[in-house]
Amino acid sequence: MIVLDALVRLCPPPADPPPPAVDWARAERTLGVALPADYKQLVETYGDGIFDETVWLLVPDSAYRDCDLHWQATERDEILADLWEFEAKPDGLLEEGARVLPWAFEEGTGAFLYWLVRPGQQPDEWTVLYNEGRGPLWEAHDMGCAAFLLAVLTGTAETEYFGYFYDAPKPTEHRFETADQTLGTSRP
Numbered sequence: 009m010i011v012l013d014a015l016v017r018l019c020p021p022p023a024d025p026p027p028p029a030v031d032w033a034r035a036e037r038t039l040g041v042a043l044p045a046d047y048k049q050l051v052e053t054y055g056d057g058i059f060d061e062t063v064w065l066l067v068p069d070s071a072y073r074d075c076d077l078h079w080q081a082t083e084r085d086e087i088l089a090d091l092w093e094f095e096a097k098p099d100g101l102l103e104e105g106a107r108v109l110p111w112a113f114e115e116g117t118g119a120f121l122y123w124l125v126r127p128g129q130q131p132d133e134w135t136v137l138y139n140e141g142r143g144p145l146w147e148a149h150d151m152g153c154a155a156f157l158l159a160v161l162t163g164t165a166e167t168e169y170f171g172y173f174y175d176a177p178k179p180t181e182h183r184f185e186t187a188d189q190t191l192g193t194s195r196p
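Sequential numbering of the sequence shown, starting at 9, is according to the numbering used here.
A portion of the hints provided could be inaccurate.
Stated by the list, open to error - Across the chosen pairs, the derived CB separations fall in these ranges:
1. D24 with E181: 34 to 44 Å
2. P20 with E86: 30 to 40 Å
3. D150 with G105: 18 to 28 Å
4. T38 with R17: 14 to 24 Å
5. A29 with Q129: 20 to 30 Å
6. E104 with L145: 16 to 26 Å
7. A29 with L145: 32 to 42 Å
8. T164 with M9: 31 to 41 Å
9. L18 with G116: 29 to 39 Å
10. T117 with L18: 39 to 49 Å
11. F94 with D24: 17 to 27 Å
12. E166 with R17: 15 to 25 Å
13. E181 with D90: 37 to 47 Å
14. D69 with P144: 25 to 35 Å
None of these hints come from the bench; they were simulated from the model.
Note that beta-carbon positions come from the ideal geometry of N, C-alpha and C, so glycine has one too.
Please work from the sequences and hints to get the whole structure.
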């Protein structure tokens, strides 16, 4: 995959493969949907952790609740259901059967990156949605999660968010830290 290769060159993954291997069939059964191929490749390459101290990648069955895709999906569904009782849903979610599924979050902001899951659409066609978390604004990006992550890290994403990546001098080196490294604990 060209995008993943570019991301790996820009931001090297951990030297050791991320433990444990994800049971994708079980993860997809639990979520009720298949997952995009680029996301699976991201998880298999990097595991749970954080890019440039900013974007946390969610992983099925992470040892860390905040990094666990299943836990965050359930939590976000509950939070958004309560929110949409008094706030309008984004346009893409007005379609019958459409939903959002989180795949990452932004450190310290409450912002989440989601996929817009639409009926009849294949996972590799899903749109990335950014929700600012502490406000009603949603931003749609017609690309996969790996391409969006690469665009954010290189400062080429057409977004109102992640402004500090553009305001500060570009880092000469991008970093990925595993959840174990960042959270200071190890897996059981």
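Which numbered conditions among the earlier hints are violated in the structure presented, ordered from lowest to highest?
Of the numbered hints given earlier, those the structure breaks are 1, 4, 8, 9, 10 and 11, listed in rising order.
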